[in-house]
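If you're matching them up, the sequences are chains A and B in order. Residues 1 to 301 (this note's numbering) make up the first sequence, in order. Residues 302 to 602 (this note's numbering) make up the second sequence, in order.
Simulated from the structure, these hints should not be mistaken for lab results. Where hints are given, some of them may not hold.
As the list claims (entries may be wrong) - Below, computed lysine-lysine pairings styled on BS3-like, alpha-carbon distance capped at 30 Å:
#: 1; chain 1: A; residue 1: K50; chain 2: A; residue 2: K108
#: 2; chain 1: B; residue 1: K474; chain 2: A; residue 2: K153
#: 3; chain 1: B; residue 1: K454; chain 2: A; residue 2: K50
Unchecked claim - Computed, partial: chain B to chain A, Cβ under 7 Å:
#: 4; residue: G350
#: 5; residue: I417
#: 6; residue: H436
#: 7; residue: G438
These numbers come from a predicted model, not from an experiment. Beta carbons are placed, not taken as given, at the ideal position from N, Cα and C, and that holds for glycine.
Number of protein chains: 2
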Amino acid sequence: MVNKEWQLQDYLKEKVQIVDSALDRYLPEGTTLPAFLHESMRYSVFAGGKRIRPVLMLAACEAVGGEIENILPAACAIEMIHTYSLIHDDLPAMDDDDLRRGNPTNHKVYGEATAILAGDGLLTEAFILLSNSSHFGDVSPEASLEVIHLLAKSSGSRGMVGGQVVDMDAEGKEIDLPTLEYIHTHKTGALILAAIEVGALLGGASDKQRQALCQYGEAAGLAFQVADDILDIVAEQSQLGKDIGRDQERGKATYPALLGLSGARQRASELRNMALSSLNIFDDSARPLREIAGFIIDRSC
Amino acid sequence: MVNKEWQLQDYLKEKVQIVDSALDRYLPEGTTLPAFLHESMRYSVFAGGKRIRPVLMLAACEAVGGEIENILPAACAIEMIHTYSLIHDDLPAMDDDDLRRGNPTNHKVYGEATAILAGDGLLTEAFILLSNSSHFGDVSPEASLEVIHLLAKSSGSRGMVGGQVVDMDAEGKEIDLPTLEYIHTHKTGALILAAIEVGALLGGASDKQRQALCQYGEAAGLAFQVADDILDIVAEQSQLGKDIGRDQERGKATYPALLGLSGARQRASELRNMALSSLNIFDDSARPLREIAGFIIDRSC
């Protein structure tokens, strides 16, 4: 067990380094005018994110034998989209959070106006990067357009942004399990699924492989959220680096609140098993994806 | 003169109808879940915008003999990007405006959180539309990617968003003419230039035609802003439908403040002449572009 976790940690560390170094190359430098804005964009991108979406994208690409060089722009673009969504979610008009990953949130450092614009800038930067033909490598224009479409759709008003609207609306209300799953499959699940699907597409997956990986992505995305809800209740603040119990305090519906703690753990475990069984058609190339699914659940149990 | 204006008004009316009807088709319906979000997105898109950017795009396309059918998705995408920027600019943390085109601003109707997300949704929707291959018509994937790149770059942190940051930062400060022109060439000029360049590109312009149209776009974009500054001082509230003199009240630098009213009018007139002379290589197909340049200035003089 110790050996297995050690290997996964090595894998994650290596991939995070690759992604971080590519993000540093692709983002405008902090001195690019207007410097205050670009500093603010970089502040949130390099505020200690775990790079889950880019790493899943790289792992899906490798599972089908693809070259990760070709997908680094897409991997960085999805992290920019994820970071923009965190900056906007943390705003006073939204979740009003002062801390994120143990650091002051963007608007606490740069002010609300700049935070809104840094989010806008990062979202737009993702599409600048995805449409920059000098980064395409072996990727065809058709595939680049499909990547843009997948990432835009999963992060827009019928994806991530839609999930956030329903989440805000549900605050302080009693909601049922289908509504909670709607929120999570949209707010976080859609972009995780897109990470996997883009990795599969750019890795050269067959239809069957792509379908299997999408099933994995759906289950893993939801499992991740169930685990996050559990963590919000059981983890120590120092461990997670954000305000603990805020979901409860804010009257947000969570899996433990709807299913009880053991019910939520059971749901997480079911989702992990679904994620794992969808990988049955793959050999050892899918090992990172298998271990990531286990890791998601283990950290909450 | 009456006859000339009448013809331009007919041209604008016809194009606005084409754009409005395409926007209605391309935007998610107001009943699409989450309905509150999609209503809010539609509210601002259909709040009486003059569609200047899409109309300039269509006119540039027609100037080089292109088919406007092929550019309707791009024309609608640029209007979505423009509308998102207005929603975010109006927010309490930014310009804090209650009225826009005579109507309550998005956050006054839907609340601040939804307004932020409606802006995010519209920006993302633009890229969903631009990457949707079922709308491409005769446009190649390479050209579609170039359009995405032009629109993203002009609206991002080194374009429109960057201009807004410098504009916010300049509030209440004494700034010089180069800074004021930086603000306007980025905040409004970049997207107007992109409208023209995309119209030229998708219309099949030669390099020489594209270059001439870009010169037109740069001059017309800046002329538009100078005229807007003049209007802010001289127009009646009822005529413009927004709070008049707000720029002055807020301590924003304007062309009339830096150059005096007659100096600003002279600058607007110079820019119009630059715009017109860049169209010298075109025959009557560029008449709408010529008349639009005149119209921009006439409304402020």
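Taking the hints in turn, this is what the structure says about them:
About 21 Å separates the Cα atoms of A:K50 and A:K108, which keeps this hinted pair within 30 Å; it holds. A hinted pair counts as satisfied when its Cα atoms are at most 30 Å apart, and B:K474 with A:K153 does not qualify at roughly 41 Å. Between B:K454 and A:K50 the CA atoms are separated by roughly 28 Å; this keeps the pair inside 30 Å, and the hint holds. The interface hint given for B:G350 is violated, since its Cβ lies 19 Å from the closest Cβ of chain A, which is over the 7 Å cut-off.
Nearest Cβ of chain A to the Cβ of B:I417: about 6 Å, under the 7 Å cut. The hint holds. With a cut of 7 Å, the hint placing B:H436 at the interface with chain A is violated, because the nearest CB-to-CB distance is about 11 Å. Hint status for B:G438 relative to chain A: violated, with the closest Cβ pair at about 14 Å, above 7 Å.
Hints 2, 4, 6 and 7 from the list above are not met by this structure, while the remaining hints are.
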